[in-house]
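Novice: Those sequence lines, one after another, are chains E and P. Numbers 532 to 993, taken from this note's numbering, label the letters of the first sequence in order. Numbers 532 to 993, taken from this note's numbering, label the letters of the second sequence in order.
If you're looking for bench data, these hints aren't it; they were derived computationally from the structure. One thing to keep in mind: the hints can contain errors.
Identical chains share a label here; the pair holds if one copy fits it or two copies do between them.
Unchecked claim - Each computed BS3-like pair below joins lysine-lysine, with the alpha-carbon atoms no more than 27 Å apart:
id, residue 1, residue 2
1, K708, K961
2, K651, K843
3, K961, K929
4, K831, K816
2 protein chains.
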Amino acid sequence: MATAKRALTSAFTDLAALFGERFSTAESVRSHHARGETFYPPHPPDAVVFAQSVDEVAHAVTICARERIPIVPYGVGSSLEGQVNALYGGVTIDLSQMNRVVRVSADDLDCTVEAGVTRKQLNSHLRDLGLFFPIDPGADASLGGMAATRASGTNAVRYGTLRENVLGLTVVTAEGKVIHTGGRARKSAAGYDLTRLFVGSEGTLGVLCEVTLRLYGLPEAIAAATCAFPSLEAAVRTVILIIQAGIPIARMELLDEVQVDACNRFSKLSMPLTPAVFFEFHGTKRGVDEQIEQVGEIAKEYGASDFRWAHKPEERSALWQARHDAYYAGMALRPGKRGWATDVCVPISALADNLLATKADIEANGLLAPIVGHVGDGNFHVSFIIDPDDPAEYGPAKAVNQRMIRRALASGGTCTGEHGIGFAKLGYLKEEHGEAVELMRAIKQALDPHHLMNPGKVIPPA
Amino acid sequence: MATAKRALTSAFTDLAALFGERFSTAESVRSHHARGETFYPPHPPDAVVFAQSVDEVAHAVTICARERIPIVPYGVGSSLEGQVNALYGGVTIDLSQMNRVVRVSADDLDCTVEAGVTRKQLNSHLRDLGLFFPIDPGADASLGGMAATRASGTNAVRYGTLRENVLGLTVVTAEGKVIHTGGRARKSAAGYDLTRLFVGSEGTLGVLCEVTLRLYGLPEAIAAATCAFPSLEAAVRTVILIIQAGIPIARMELLDEVQVDACNRFSKLSMPLTPAVFFEFHGTKRGVDEQIEQVGEIAKEYGASDFRWAHKPEERSALWQARHDAYYAGMALRPGKRGWATDVCVPISALADNLLATKADIEANGLLAPIVGHVGDGNFHVSFIIDPDDPAEYGPAKAVNQRMIRRALASGGTCTGEHGIGFAKLGYLKEEHGEAVELMRAIKQALDPHHLMNPGKVIPPA
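With the hints as constraints, model all of the structure from the sequences given.
Specialist: Here you go:
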C-alpha cells in the first residue's frame, strides 16, 4: 500500500490549490495528527487538510481517490485504539474546523451538527433552549468522531449510545460522493439502515461530515451522589440489582479503590479509600425522590455508606468532571508513564465475575491499573499505567487485557463496549464475530474497493 | 430471472429428500404463501419448505443457491407491502415451525427465540417471569418477520422499535453459511453493525433464523384510558405537547372519527364519534399517577373530554385488542372490499400538517380510509377500504397515498415508518434516500451477488 511519490505530488498540488494555508505537510502538523490518546507509536500522515465544508471534504476525497492515496478522517484525536494513526501515510482530513451547529429543532428534539462540533460545544449551544445531548465519552470528543466510534459514556444506561441517538448522517463516500442517510423521522422502515452501518465504522467506509442527533429536554430535577462500598463485589451487586429492578437511573459509575485514590489526589476529592459508585438521577421532582429511595434501599443492603450529595449544579459538575478526568488522574499516579485504556462489555449477570477476575489478575501481576465502569451497561475500563517500552510492564498488561477480553467473549460479551477496534483490537474481532467478519469484509470491499478509507482499521487482514 | 426447469427439478429432488413431507409443491400450499396481508395480486412460489432448524434453512439455501433459484423467507405472512410475494417464483422458506424460545435470561433482561416465534407466544412464555417484550405490530407477527421489517407498534414511543431491541441475530447468508451478528452485551463498538443492517433488510440479504431480544420487567403499575377530542387537530396538538414535555408515556394512539366508528362496530366499543386517543402509562404507582395528571392537564387544554379508564387487566386487553383489530374493523365497514394499509412517519412538529392534509385529501376524494397513528413517533397509517380492481377507487387511493408520502418526505420524514418497502414502495426509496440507494445496492450486490434473496424487494431496479 506504499503510495507512489508521483501520486502524492499530483494530489498535493491539487489539495494545496484547493485548501491554501489549510493544506500542510509541516512536520509539526503531521506529528500532531499521528495518533490519538494512545501509547502506540505515532504514524504521521503525509499531509493534513483542514476542511471547512462537506464540499471541501468531497473534493479532498475525490483528489485522493484519483491518486489512490489513503484518507484518514480526524476529529479532535481523542480515540483510544489507534483509529487516527495514518498506518499507510496518506492524507488526514481534519474536521475540527467544521464546527457549526447547523440547526436545532426544540419542537422535534433534534439537531444537525457538523462533524467537528464537540459534545461540550453542543451542550453550551443547547443550554438556553432547555435541551441537552447526553452522550459523554471521557474526552470532549467531536460528534463526528463519536458517531464514527459508536461512542457512549456515563449516560448511556438511560439514554443509549450514539447507535440509538443518531437519526441521520451526511457522508462523503470513498469515491467522493455526498450522500445523506436516515432522516428526521424517529423511525423508518425504508431500506437498509446505512446510518447504523456508518455509526461505528471508524472512518473505514466514508467520512462522516454532518450528524443529525436526538436531543432531550433538561430534566425537571437532577440529583447526584457518591457512595462508598465495603467491596468491589458489593458495589457491583448493587448495580446489577438496580438494573434488574428497572430503575431508570441516568448515570451509575463504578470506581475501584485505586481509581478513587487517583481521583482524590487529582481532583481534590475526599472519598473514603473504598470502591465507590457515582449515581445520577433524572426525572420529575417526585420521580427522582422515588428513585433515590429505591436505590438507597438496595445500596444499604450491600453495606453502602457515606452517601454524599452534590446539591448544587456546580457541585454536580465538579463530580462528573472528576469522573471524566479519571484517565488523567490514573496517569498522574505514575508521572512519566503512559496510560493504556481498554474496555469490555458483558451481560450484566456476568459483570461481577468478569470484573472481579480482572481485578484479581491485575493484582496478581503487580500492575497499577485503575478500573472504572459504566457498569449499568455491563461496560468497564482498565487503564494500565505503564512504560510501554518496558517489556516487564507491557507484557503482563497485554496478557491481562487478553484474558479480560477472552473472559468477556466467553460470557457473551464484546471485546470493546465503546472504544472501538481501531488497529489495536483487530485481532479480537474474528474471535468475537467469527464468520460474520467475512460479511464486514465484503461490505468494506463493496463501499471502498481500493481500501483507501482509513486503511488497516476495523477489518482484520484476510 | 426465470428459473430453468432443470434447475428447479434438481433442487426439488434434493429439497424433497431433505424435508420429506415438509417440502410441498401443492397448489394450496403455494397459494397460501403467495402474498401477505395485501390486496396485491398473488405471486406463488414454485415450492415451499417448512424449516425446523437453522441447519435446515442453511441446507435449503445452499441447494437453491447452487441452482440459482430465488428464496423467499416467510414468517406468518402478515407483511403489508408485498414482502412475501414470490415475484420470481422459487422456493419459499416457511419459518413458522421454528417456534422455540431458545433461552430467557431474567437477570439480563434478554432472550433468544427462533424466527417463527410470534410476539404473543413470546409474551405468554414470559408472563410468569414478570417480563415482557413490548413491540406489537397489529398482527401477531413472527419475531423473525418483525426484525426483517424493522417493525414497531403501539409501544415504540417508549420502548423503541425492533431496531433498538434486537441485540443479535443468527442469519443464513445468501451462500448458505450460518453467521451470528451482535451479541448479548448491551452495547458494543466492535466492528460494523451487521445486526442493524439485517434488521429491516426484508429477507433480501439473508434469512433471519434466530433473534436475541431485549426484554423489560412488567411495570409495577399500568393505567390505560381512551379520551375523546373535539377535532383531529386538538388530538394531534395534545400528542405533540406530551412528547415535547418529555412525559415517558408508554402508548399514545390516535384514531380519527372514521376509525372510532369502525372500532365501535367491530369491537363493541361505545366511544363518542369524535377523534380519540388511547393512552397507556407504565411506571411505579406514583410515577403513573404523576403522568396521568400531566397528560390530563394538557389534554384538557385542548378540549379533551370523556376520559374512560380501563382499570382491570382484562379491560386493558380488550382496549388494545380493539386497537390491534383496527385494520379489520376498517375492512368490515365495506364487506367484500380489500384493505390497503400504508404508513408514513414525520418529525413530530410536522405531524399536524401532514395528518390534516391527508385527512382532507381523503375526504376530497370521497374515499373511505380510516386513519390511525402511533402518533407519539410521528407515525400514522391510512387504510384505504377499496375495490382495488376498480380504477375509480384504486386510482384516487394511489394518488392520495403518493401525495401523503411526498408531503412526508418534504417534511424530512420517511415513506414508511414501520411497514417497510417490500415491492410496493420501491418507487419511493430513491425519492427518500437519493444517491444513498446506490450504497444499498452495492451492499446487496456484495452480500447476494446472484440476487437470489427475496428478489425484487427493497432495492429498486438500477
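Novice: Decide, hint by hint, whether the structure agrees.
Specialist: Quick rundown of the hints versus the structure:
Proximity of K708 and K961 under a CA criterion of 27 Å is satisfied inter-copy only: 16 Å between copies versus 31 Å inside one chain copy. Taking the shortest Cα distances, K651 and K843 sit within 27 Å of each other inside one copy (20 Å), while across copies they are farther apart (47 Å). Proximity of K961 and K929 under a CA criterion of 27 Å is satisfied intra-copy only: 18 Å inside one chain copy versus 48 Å between copies. In the homo-oligomer, the alpha carbons of K831 and K816 lie at most 27 Å apart both inside one protomer (22 Å) and across protomers (23 Å), since each shortest distance falls under that limit.
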